[in-house]
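*Asks:* From first to last, the protein sequence lines stand for chains A and B. This note's numbering puts the first residue of the first sequence at 9, with every later residue one more than the last. This note's numbering puts the first residue of the second sequence at 6, with every later residue one more than the last.
No lab work stands behind these hints: they were computed from the structure. From a predicted model like this one, the values you see are computed outputs, not experimental measurements. From the three backbone atoms N, C-alpha and C, an ideal C-beta is built for every residue, glycine too. Take every hint as true, because none was put in to throw you off.
Calculated cross-link-like contacts (lysine to aspartate or glutamate; reagent style EDC-like; alpha-carbon spacing at most 20 Å):
hint	chain 1	residue 1	chain 2	residue 2
1	B	K91	A	D220
2	B	K225	B	D83
3	A	K218	B	D63
4	A	K218	B	E92
5	B	K123	A	D259
6	A	K119	B	E15
7	A	K174	A	E202
8	B	K22	B	E32
9	B	K67	A	D220
10	B	K10	A	E113
Here are a few chain A residues that face chain B, going by a calculated C-beta distance under 8 Å:
hint	residue
11	Q13
12	L94
13	D259
Now for the letters of each chain:
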Amino acid sequence: MDGPQNSQGWDSFGPIPDKQQAVSTVWHERWQGHLTAIYAVLFTTIAGNGIQGKPSPFYGLDAARWGRELLSPRDYMNASYYGLWLHTIALFVDTFGQFLGITSEELVRRKITSPQRLARARAIRKQAGIQTIPGCDGPPKNGLHQSRAYDPTVAGSIGRIGDRAKFSVGDRIRIIRFSGTWHSRTYPYIRGAEGTIMQYYGLSEESIDKFDGKYHGPYPEVACQSRQKFYAPVYSVRFRASDCFGNVNTDPRMFINIDIWEPMMELV
Amino acid sequence: MLALKSLLIEKGIIPAKMLDQFVEYYEKGVGPHLGAAVVAHAWVNAEFRQQLLHPPADAPFKTSLLLQDFFFKTINPDTGKPLLAKEFVLPGTAIGPEGNYVKILMNGVQESGPSAGKFVHNIVSCTVCSCYPQALLGIQPTWYRSQQYRSRVIKEPIGVIDEFMNDLAGSHADKRRQWQSYRDRIEEIQVWDSNSEVRFFVIPVRPAGWESLSEAELRKRVTRNSIIGSEILLS
Chain A
9 MDGPQNSQGW DSFGPIPDKQ QAVSTVWHER WQGHLTAIYA VLFTTIAGNG
59 IQGKPSPFYG LDAARWGREL LSPRDYMNAS YYGLWLHTIA LFVDTFGQFL
109 GITSEELVRR KITSPQRLAR ARAIRKQAGI QTIPGCDGPP KNGLHQSRAY
159 DPTVAGSIGR IGDRAKFSVG DRIRIIRFSG TWHSRTYPYI RGAEGTIMQY
209 YGLSEESIDK FDGKYHGPYP EVACQSRQKF YAPVYSVRFR ASDCFGNVNT
259 DPRMFINIDI WEPMMELV
Chain B
6 MLALKSLLIE KGIIPAKMLD QFVEYYEKGV GPHLGAAVVA HAWVNAEFRQ
56 QLLHPPADAP FKTSLLLQDF FFKTINPDTG KPLLAKEFVL PGTAIGPEGN
106 YVKILMNGVQ ESGPSAGKFV HNIVSCTVCS CYPQALLGIQ PTWYRSQQYR
156 SRVIKEPIGV IDEFMNDLAG SHADKRRQWQ SYRDRIEEIQ VWDSNSEVRF
206 FVIPVRPAGW ESLSEAELRK RVTRNSIIGS EILLS
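Please take these sequences and the hints and turn them into a complete structure.
*Replies:* So, in structure tokens, the structure goes:
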């Protein structure tokens, strides 16, 4: 989903704050530490192991990031860093809170969110056609994978897709142009740009019990809205910065490296 | 926030103890001292450095297991204990949160790879939010997650580093000269946008004059900002 969250390359934000922040300042306030913990427990694999023995309805980090993209630009730009986390939690409680035994009304009553903010978030989800019925999990209906041969619902698809990692190190690829209301992690500044595959990381897939040195990150487009597994090869891709931002004022020595899932690109 | 915390605790969704353990991990278990230890060891031990920079192609994140081994076996002279206690490592992770998929980069003249022989400067960002190698550096500094850094670093990294170095060097003419000389040597600037689960970590250039320092002394001089690439180290 595209909005002010993807502000890469935007001008006029000004000088960077607090560049020499002391290492001893882990948090400016202790509550920030607790919110970090809450966020991690609700959204990451820790929560994936189950809250009170039940799986978290909050899916994972891709869902959390997507939650930020679903905030109205007004709420996004006005919020502090930790404020964004609170807004995102409120948004997910509004959709999936019943699994935790919390309602958005309780959040409003306790002034964790406001009715106006909730209304804005609901309107955005409605416009984006995003399912809000808990239990009706599934990859986004308008997602990129729908237009490709990949079928996340076919058992054993890991081997099939893994066998056909289409690209090799050194290949020139182009990021496809697209727009969608799901979470792509493939930002506007590289769409349409040509780059070179520098490394093949492996197959994107769900996390494992014991780490083995291979890539097991989720596929964002599906993971943002579903617990369904979906596998896609992931590559490290290098772009000339001038191919992203034009060559008028871009340092010719500059390159941008970003990780891209196979469905997002095509061979040049 | 307090309202949310008490709500989650009241409902039994998150035990209060779990929140405290989490905070303790970030305040006491991890921090830039871990990253600095990795850099110092990579400088003095060429084999370790090569292993970090060139993991096997079929398991590109074996690096994290190598780091795990290093942290568990290396005694911190300040505490007399291993750099990382096993009980601090969360289940399912090699060295902690955002530490499974670590890719190590090196600033300076590249010994091999596509930029072999060139003087490269790497700088790390997460342009859409704040992904960061927490298991190696702890909680990200405020500037890393600021809109200012995220929007600018992807388009004008040298301008960003100039700003950092201006702050760091202040009115010291010699320090300013060191940065100017380094900047003039840069042949490639590589910006890394942390959009997948992979987290980037930079081995900065060891300044001239630090040759005779011991690994323990080097460890104390490596800064967090230099490992992200927003600064260089000055002698």
